[in-house]
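Chains as they are written, first to last, in the numbering used here: chain A, 1 to 186; chain B, 1001 to 1348; chain C, 2001 to 2397.
These aren't lab readings, by the way, just hints derived from the structure by calculation. Everything numeric in this text was worked out from a predicted model, so none of it was measured. Heads up, the beta-carbon is just placed ideally off N, CA and C, and yes, glycines get one too. Certain hints may be false.
[Said to hold, decoys possible] Sample of chain C residues at the chain A side, in silico, Cβ under 8 Å:
1. 2072
2. 2073
3. 2085
4. 2245
5. 2327
6. 2329
7. 2342
8. 2346
9. 2355
10. 2364
11. 2396
[Said to hold, decoys possible] The calculated DSBU-like cross-link candidates involving lysine-lysine, where the alpha carbons are at most 30 Å apart (straight line), are:
12. C/2351 / A/121
13. C/2213 / C/2272
14. A/119 / C/2324
15. C/2229 / B/1323
16. C/2127 / C/2318
17. B/1323 / C/2232
18. A/65 / C/2327
19. C/2211 / B/1047
20. C/2324 / A/121
21. C/2201 / C/2263
22. C/2127 / C/2213
23. A/117 / C/2239
24. B/1075 / B/1089
[Said to hold, decoys possible] DEER-style ranges, computed between Cβ atoms:
25. A/74 / C/2208: 50 to 56 Å
26. A/9 / B/1323: 56 to 62 Å
27. A/167 / B/1074: 45 to 51 Å
28. A/184 / C/2266: 37 to 43 Å
29. C/2328 / A/168: 29 to 35 Å
30. A/184 / C/2313: 36 to 42 Å
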Amino acid sequence: MNNNELQSLISSWFPNPEANKVSEVIEVSETEEGSEGKVKVQESINPSLLEFTEEGSQFLNISVKPEHLHQLMSQLKTNSETNFDYLFCLSGVDWGEELGVVYHLESTTHRHIVVVKVKTKDRETPILDTIYDIWTTAEFHEREVFDFFGIKFNNHPNLKRLFLTEDWEGYPLRKDYVDEANMVIK
Amino acid sequence: MIETIHNWLYSTMPQGVASIVEMILIALAYLGFFAIAGLFLVLMERKVAAWFQLRIGPNRVGFYGSLQTMADALKLLSKELTGTAKADKFLYNLAPYFVIISALMGLAVFPFTKDIQAFDINIGIFFLIAISSIGVIGILLGGWASNNKFALIGAMRSGVQAISYELSIGLSLLTMILITGSLQLSEIVEVQKNGWLIIQGHIPAIIAFMIYMIAGTAETNRAPFDMVEAESELGAGFHTEYSGMKFAYFFLAEFINMFIIAAIATTVFFGAWLSPFGITESIPWLGVFWFLGKTLVLIFLMMWFRWTFPRLRIDQLLTLEWKYLLPINLVNIVIMALIVWLNLTIKF
Amino acid sequence: MALREKNNKPNSLKTNNLELGTQNMKPETINSNFKSEEYQINMGPQHPATHGVLNLLLTIDGETIKKVEPDLGYIHRSIEKMCERDSYQQIVHLTDRMDYLSSNINNEAVCLAVENALELEIPERVKVIRTIIGELTRISSHCLWWGVMGMDVGALSTFFYGFRDREMLNDIFEETCGARLTMNYNVPGGLMLDIHPNFVKRVKKFVTHFKTKIPEYDRLLTENVIFQKRTKGVGVLSKEDAISFGVSGPVARASGYSCDVRKYHPYSALDKVTFNESLKTEGDTFARYQVRIQELWESLSIVEQLIDNIPEGEYRVKTNAVIKLPKGEFFQKVETARGEFCVYIISTGTKSPYRLKFRSPGFSNLSVLNHIAVGGKIGDLVAILATLDLVIPDIDR
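Same shape as in the complex, but just chain A (with noise of 0.2 Å):
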């Protein structure tokens, strides 16, 4: 499946209650291809709840919201015309304001790509779903992301450091950490 077929479909699995009143714009978005002014129309009224650009990097990006997260998830799995079965690249992102994870998925029967992005705003206790029962290897990457950024997941099996010490403080990847001792800036 090309993009537009991507975004069609897994958009209208989180369809925006808000945006079913005004149904001429989800035609106007529908039928036009998204460059840059348009874009911003769809951000305006959006007919998903999901946002979808393609600006700015290879692949689709969905972006989602921390609660929606995992029914997203499971959905792209199981669904047989995405079957995003291989979650090739899960990585924390620090954002400035917000915190996220970056989720890279890859379907080994129709070898299309899609990129899913979730934020949190809570920088002091972010908390999202784990997505460990959708793909196992989560279960690591997870780790990696709670030792370096911090963010915790909901029902991990096993949500402790990974390379770090258990008594270790702070969250090296975050732009705020700092360490005179280790780290050399330039």
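Start from chain A and add chains B and C according to the hints.
Same frame as chain A, now just chains B and C:
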């Protein structure tokens, strides 16, 4: 020369003292000889390994590295003895002596020539089997007392392995005893003047020899049966926590045990000091060379195993013994008994 | 001996089930009096079979493995954090220190990501040379793996045979770029130097030499009965599990999961060559072994197809001294000797990446260890570790 010393001792001292002094002298001579022989075997192993592995091997100390192992032994002598904190000190220190003493005791009964045999008892083979089982106690003690789980696993493997393969060694030798009708080693050699036992006993003898070599390799804990040490699994197995001279004892014992296994095979299957077709029968002292030569060939065979084969897994090791070697061995004994009974042995 | 505490983690379900199995026996039977105890043992970080500073916390019952828990971080240098302050040229050098056995392929991944971001037109010559050296690196890595594999199952001599052939490759690399292991041969925009005049001749000599040596490998180890007994049916990984665990490279291909990045997302000159993806369906240790041996042949064939047709031209495209990537996200997959290596760059338009993530194959491949090693013996674990072919700096990054 041995005769003169013997006569001199008995003429200068009372009989009891003389015999004790004589025993001590013989023991020292054996000890000296086999300490050197052990070092030579280590060197040989390293040279053989190097040859198998496209390397040169030791080549700096002495002529083509001939003194390398001597230097290593000196190094081990001067090294600090370390140990674990909560080890059972008494058993920990006792273990290496068990291993080395039992190994050295076995050497006493071998007939190097017609005349050089320290201790010709009528239960020679039985004595050897009994002595060789004592060594495993040392290994078990060492592994248990080191207070190290890897050492313990190694020791337990060793116990299992020794108990299993002892059977095969005993039974395969027993197969040959059926021909000789005696356990005494000098008697066994005497019988072979009519042809080496491996020829006399033909098919069952060859089977017995093969089983003996497999079991013997396992008995000495060498690859492909080196589960006890298994450096890629257990670090160094039972002697993980030993250093310096205590480690050297274990090391030396392994090589002396290898010599013993090869020497038993030489005696029982290949006519000990007898030359092939009696070509040097007129020069009796050449028997030593024949004996050592045959033994070295068998030792080389064991080294060949070691540097070629991968290691078995512990359950495969036990399967091999209890499901294959032991039944084959039992059938083999019956066949051998039939052959001896029907007089089908080949004699010249 | 410490009994493993009863924990409620789903990944220890197997352990708990087995424990329940023993507890279900009638307490009055004599067996319960001799119930074996589980104990824990630290395999590593200084253990010969873990090939580096990996610590495996084993829960074992006698010799049977009940649980394997990797304890990582002994060689973690936080390369991803270092990348956030370094320039893109410097980052290339850091990738050498991850999977040092496929250092050149790691370099290539970063270079490709940067070049794609800058939309640079890379000369054909560079692409071909990169592919040749990448495949030679793969052969060199597999040679080392083969030697160590033999050593892990107890055949000590294989190590030297593997290294003999690897030495020829290292000499070629040394002549080409001055380094034998961490080569740093790729730079964003091309290669650091042109190939040495002897390169083609020596590579051809190696190819003819190595073609006679792979059958020797087979005779020495593959056909050995003990080796086959040790590896067949050990550590079986099903295709579904392989995909779910994110396993890649030869480990995944041995389970029948076709995942060769060189096939599905060809990079450099890999779209110009024909080769077969080596696939097995058994998923056991022996299959993983065979896949790697097969890959040696395939890599040789790729080198053979390209070595005679290295196009003339520039070996490097001029780039700015300070490379600034446009704003956006850039992703590059390559196939190293261990599997799928990904570089994920988030750029804000400055000279350093905002965030750079390396997806290393070893990290995912390690996560499968507990799944396939449980129930086997210690000897099995060592054989499995050998065919997972872990490089610890690659896991720890």
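Now the hints, each set against the structure:
For residue 2072 of chain C, the interface hint holds, since its Cβ comes within 8 Å of a Cβ in chain A; the closest pair sits about 5 Å apart. At its closest, the beta carbon of residue 2073 of chain C sits 3 Å from a beta carbon of chain A; the interface hint therefore holds under the 8 Å criterion. At about 6 Å, the closest approach between the beta carbon of residue 2085 of chain C and any beta carbon in chain A falls short of 8 Å, and the interface hint on this residue holds. Taking 8 Å as the C-beta contact cut-off toward chain A, the hint placing residue 2245 of chain C at the interface holds, the least distance being around 5 Å.
Contact between residue 2327 of chain C and chain A, as hinted, is supported at the beta carbon level, the nearest pair being about 6 Å apart and thus within 8 Å. Hint status for residue 2329 of chain C relative to chain A: holds, with the closest Cβ pair at about 4 Å, below 8 Å. The criterion of a C-beta within 8 Å of any C-beta in chain A is met by residue 2342 of chain C, whose closest approach is roughly 5 Å, and the hint holds. Evaluation of the residue 2346 of chain C hint against chain A yields a held restraint, the C-beta minimum of about 7 Å falling below 8 Å.
Interface hint status for residue 2355 of chain C: upheld, as the beta-carbon distance to the closest one in chain A is roughly 5 Å, under 8 Å. The closest approach between the C-beta of residue 2364 of chain C and any C-beta of chain A is roughly 5 Å, which is under the 8 Å cut-off, so the hint is satisfied. At a threshold of 8 Å, the smallest CB-CB gap from residue 2396 of chain C to chain A is about 7 Å, leaving the interface hint in force. Annotation: proposed proximity of residue 2351 of chain C to residue 121 of chain A holds, straight-line Cα distance about 27 Å (limit 30 Å).
Distance hint between residue 2213 of chain C and residue 2272 of chain C is fulfilled; the C-alpha atoms sit about 27 Å from each other, no more than 30 Å. Using a Cα cut-off of 30 Å, the hinted pair residue 119 of chain A and residue 2324 of chain C holds, with the two alpha carbons roughly 26 Å apart. Between residue 2229 of chain C and residue 1323 of chain B the alpha-carbon distance is near 16 Å, which keeps this suggested pair within the 30 Å criterion. For the suggested pair residue 2127 of chain C and residue 2318 of chain C, the alpha carbons sit about 16 Å apart, so the restraint of at most 30 Å is met.
Note on residue 1323 of chain B and residue 2232 of chain C: the hinted pairing holds, with a Cα-Cα distance of about 20 Å set against a maximum of 30 Å. A distance of roughly 24 Å separates the Cα atoms of residue 65 of chain A and residue 2327 of chain C; the hinted pair therefore holds under the 30 Å criterion. At most 30 Å may separate the alpha-carbon atoms for a hinted pair to count; residue 2211 of chain C and residue 1047 of chain B meet this at roughly 29 Å. Restraint check: the Cα-Cα separation between residue 2324 of chain C and residue 121 of chain A comes to about 29 Å, which is no more than 30 Å; the hinted pair holds.
For the suggested pair residue 2201 of chain C and residue 2263 of chain C, the alpha carbons sit about 28 Å apart, so the restraint of at most 30 Å is met. Between residue 2127 of chain C and residue 2213 of chain C the CA atoms are separated by roughly 28 Å; this keeps the pair inside 30 Å, and the hint holds. Annotation: proposed proximity of residue 117 of chain A to residue 2239 of chain C holds, straight-line Cα distance about 27 Å (limit 30 Å). Pair hint residue 1075 of chain B plus residue 1089 of chain B holds up; C-alpha atoms about 24 Å apart against a cutoff of 30 Å.
Look at residue 74 of chain A against residue 2208 of chain C: about 54 Å separates their beta carbons, and that is inside 50 to 56 Å. In this structure, residue 9 of chain A and residue 1323 of chain B meet the distance hint of 56 to 62 Å, their C-beta atoms being roughly 59 Å apart. Range check, residue 167 of chain A to residue 1074 of chain B: Cβ separation about 47 Å, and the 45 to 51 Å hint holds. At about 38 Å, the beta-carbon gap between residue 184 of chain A and residue 2266 of chain C stays in the expected band of 37 to 43 Å.
Hint check: residue 2328 of chain C to residue 168 of chain A, Cβ distance near 33 Å, so the stated range 29 to 35 Å holds. The supplied range of 36 to 42 Å is met by residue 184 of chain A and residue 2313 of chain C, whose beta-carbon atoms lie about 39 Å from each other.
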